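Enquirer: Here's the letter readout for the chains.
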Amino acid sequence: MNSLRPRLVRRDRSEPDGRLARRAKSGTFLPVFLILIAGVSLASAKPIVIGSKKFTESYVLGEIARRALNDANVATEHRQGMGGTIILWQALRGGQIDAYPEYTGTIAQEILRNGHQLSFQEIRDALGKFGVGMTEPLGFNNTYALVMRSSEAQRLGVRTISDLRKHPELKIGLTHEFLDRQDGWHPLRERYGLSQQSVIGIDHALGYAALANGSIDVKDAYSTDAKIEENGLVVLEDDLRFFPKYDAVFLFRSSMSPDSINALHRLEGTLDENRMIHLNMEAERTKNYTFAANLYFEDDGRSANSLGETFQHKLARWTLRHLELAGFSLLLSVIVGIPLGIFASRGGIIGHGILGFASMVQTIPSLALLALLVPLPFFGISVRTAIAALFLYGLLPIVRNTASGLQDIPRSLRESAIALGLSPATRLWQIYLPMASRSILSGIKTSAVINIGTATLAALIGAGGLGEPILSGLNLNDNVTILQGAIPAALLALVVQWLFDGLDRVLIPKGLRL
Amino acid sequence: MSALVKLADVSKRYADAIALHATNLSIERGKTTILIGPSGCGKSTLLRLIIRLIEPDSGSIEFNGEPITPDTIGALRRRIGYVIQEGGLFPHLTARANVLLMARHIGKSENEMRNRLVDLCDLTRFSTTLLSRYPVELSGGQRQRVGLMRALMLSPELLLLDEPLGALDPLVRAALQKDLKEIFARLQQTALFVTHDLAEAIYFGDEIVLMHDGRVVQKGSVTDLREKPADPFVSEFINAQRGVTLT
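One line per chain: the protein sequences are A and B, in this order. The first sequence begins at 0 in numbering that gives the first Met the number 0 and counts up one residue at a time. The second sequence begins at 0 in numbering that gives the first Met the number 0 and counts up one residue at a time.
Everything labelled a hint here was simulated from the structure, so no lab data went into it. All values reported here derive from a predicted model rather than from experimental measurement. Glycine included, every Cβ here is placed at the ideal spot set by N, Cα and C. Fair warning: there could be bad hints in the mix.
Stated by the list, open to error - Rough simulated footprint, nothing fancy, chain B against chain A, three-plus residues with beta-carbon under 8 Å:
(1) 407-416
(2) 428-436
Stated by the list, open to error - The following residues of chain A were derived to be distant from chain B, with all beta-carbon distances above 12 Å:
(3) 76
(4) 123
(5) 149
(6) 150
(7) 169
(8) 185
(9) 186
(10) 190
(11) 229
(12) 270
(13) 338
(14) 361
(15) 444
Generate the whole structure from the sequences, applying the supplied hints.
Expert: Now the structure itself:
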């Protein structure tokens, strides 16, 4: 079960938002201008957006596409590791992204949900109906495969998937996507008549570690995965030809400019399996997808530019986005939460309903809340969704503290205010709210700190922030990268806490602080 | 002598207990009327009904000849001062802001307010240098004086006091009793004063209203109560406190 948590954090991640990056470079990354900058950046013209799934090869292909389009003078950005197939497909149809790398087998099984094998042309025709185009194959077939430790496979005499039937005691660990896919575990097990009882869902990258230490014996993999060779694993032969072909292609919106479409077409047939494995290995070795992608263009990646942004710029961009996410959502929580808290303080059905709703929202796991919002119109894979989710999370502390702060005002003082003849609005603004200010502010403070922490999850739906390096580091099993996000996020939480302590002195009336 | 407040068949019941049986009572103009009785006898309920912090179940209350209703109470509250134990001051406002709160709310001029404040400080023997302090920075007696100034700010026709001196130590209490009595006399203030202390009642009361179990048992001067008790409870109540009050 331990494996579940990292898995949740790692569903996907996002990368450079060029607009913010440019702003960060121009040196105006003061939190004070946060809202202004965010407003401007959201309003500016949209460049082409390339998406990618949350695994190394997809990142590299996404970077290659970005570079190809940039070389064709098309302004392009790459949102890395946005999640699984369905999220990318929805984002493509919804226009949040314009293109992303995909595999023919996945398109047939997961997107078109077609039971029988489709020809390449049939797939292309079916996609056309959605206004989506597809390039010719890029040149390699990255099919699914089951892998084992070579030593173990040799000892047990397992060479093919059929051989697994003889060893029902083997422990199997599969990615969640593979567990659920129509061409995944369940039909595979039926086809081969496998009887293994121990089957768990585990994140792809963590699965390799689990395989190495013997927690699991068999896992799913992609045939071009660099880790197969690195970790001394062996691919079990698909002797019943269960897995369809997974030719890599780019899917794109047909409405994209001809220049961009042509740039993608130029990538067709240029990447064979060996080359892709090499690029994947380089990406994992250097922890730098841009570098690996540049190798494709026979660029040695030594020039400063091709190495991507400097760490400072990345940190500034992450932090800015993080503050934007947490700041906007907190603002909304305050604007909505205080009035709700005032209503809630009056008790009755409405009051209990409000507190019940806010508490209920808090019990929904953050990832589930994001997943629930993504399919809704207006939300989708966007910063909006992240802000909406954070806003909902931030509500409860503010609503509850506002309500309890107001309820804690002694009855004698409430009655004094009434007996004086003050109007209800005056009582609220001049007496009750100032008296509850300490409690309300501490609710806002709690919300702010929670938001800073939870905003790291926004990277899951490509909204960026300090969650980006955390997810990326988890994917690469690279603690340094994880800390690049985790440490600034923790510091940010401390700074926010400290700022709010200062704010107490300004906003809480002096008479309540003596 | 005309009545400023008139209660006719006013009653109040909470979920399972009667707080006030149908009661008739007049509060005379220019006099201090004392409501006295043991805890839970309904004296505070009666006060709160007049200022309409609670709604009566039956009967009517008239103020200066006009009935007090939810529609008229807003304006009437400005003509009634209300003082509670500890003063009921708002902790986030200075003494000055507490006193001026209502005057500011209805838009009195700064000049008028300043003059009135000086007069009130004089009247209640409250040092003007303490006006900028917050309630926590004041002693119990000082807080009570500020509470009194706040209630008197708009020169109310009726002053309601709900055990205003209950939480004070004996010396402060005695000083405030003396000052309060002088103030009432100077302003010819109509006051309705709730206490459970017979000595205090005798010290202030032109008219004493003794209550028990949600009913008025007897109304009259302390001599009436002592010499012509309407009920055995009257003697019992007076005798119970005699030891303290008369020695």
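Enquirer: Closest CB-CB distance from residue 149 (chain A) to chain B, is it above 12 Å?
Expert: 74 Å, holds
Enquirer: In terms of Cβ atoms, is chain B entirely out of 12 Å range of residue 169 (chain A)?
Expert: The assertion about residue 169 (chain A) holds, with a minimum of 69 Å to chain B.
Enquirer: Confirm or reject the statement that residue 123 (chain A) sits farther than 12 Å, beta carbon to beta carbon, from all of chain B.
Expert: 71 Å, holds
Enquirer: Taking C-beta pairs only, is residue 338 (chain A) more than 12 Å away from all of chain B?
Expert: Fine: 21 Å to the nearest Cβ keeps residue 338 (chain A) off the interface.
Enquirer: Does the claim that residue 185 (chain A) lies off the interface hold, with its Cβ farther than 12 Å from every Cβ of chain B?
Expert: 62 Å, holds
Enquirer: Do three or more residues from the region 428-436 of chain A put their C-beta atoms closer than 8 Å to C-beta atoms of chain B?
Expert: holds (count 5)
Enquirer: Between the region 407-416 of chain A and chain B, are there enough contacts, at least three residues with CB-CB distance under 8 Å, for the coverage claim to hold?
Expert: holds (count 5)
Enquirer: For residue 150 (chain A), is the shortest beta carbon distance to chain B beyond 12 Å?
Expert: 74 Å, holds
Enquirer: Does residue 229 (chain A) sit more than 12 Å from chain B, CB to CB?
Expert: Holds, because the least Cβ-Cβ distance between residue 229 (chain A) and chain B comes to about 66 Å, which exceeds 12 Å.
Enquirer: Decide, holds or violated, for the assertion that all CB atoms of chain B are farther than 12 Å from the CB of residue 190 (chain A).
Expert: 71 Å, holds
Enquirer: Taking 12 Å as the cut and beta carbons as the points, is residue 444 (chain A) off the interface with chain B?
Expert: 19 Å, holds
Enquirer: Does residue 270 (chain A) clear chain B by more than 12 Å, comparing its Cβ with all Cβ atoms of that chain?
Expert: Per Cβ check, residue 270 (chain A) is outside 12 Å of chain B; nearest 69 Å; holds.
When each numbered hint is compared with the structure, no violation occurs for any of them.
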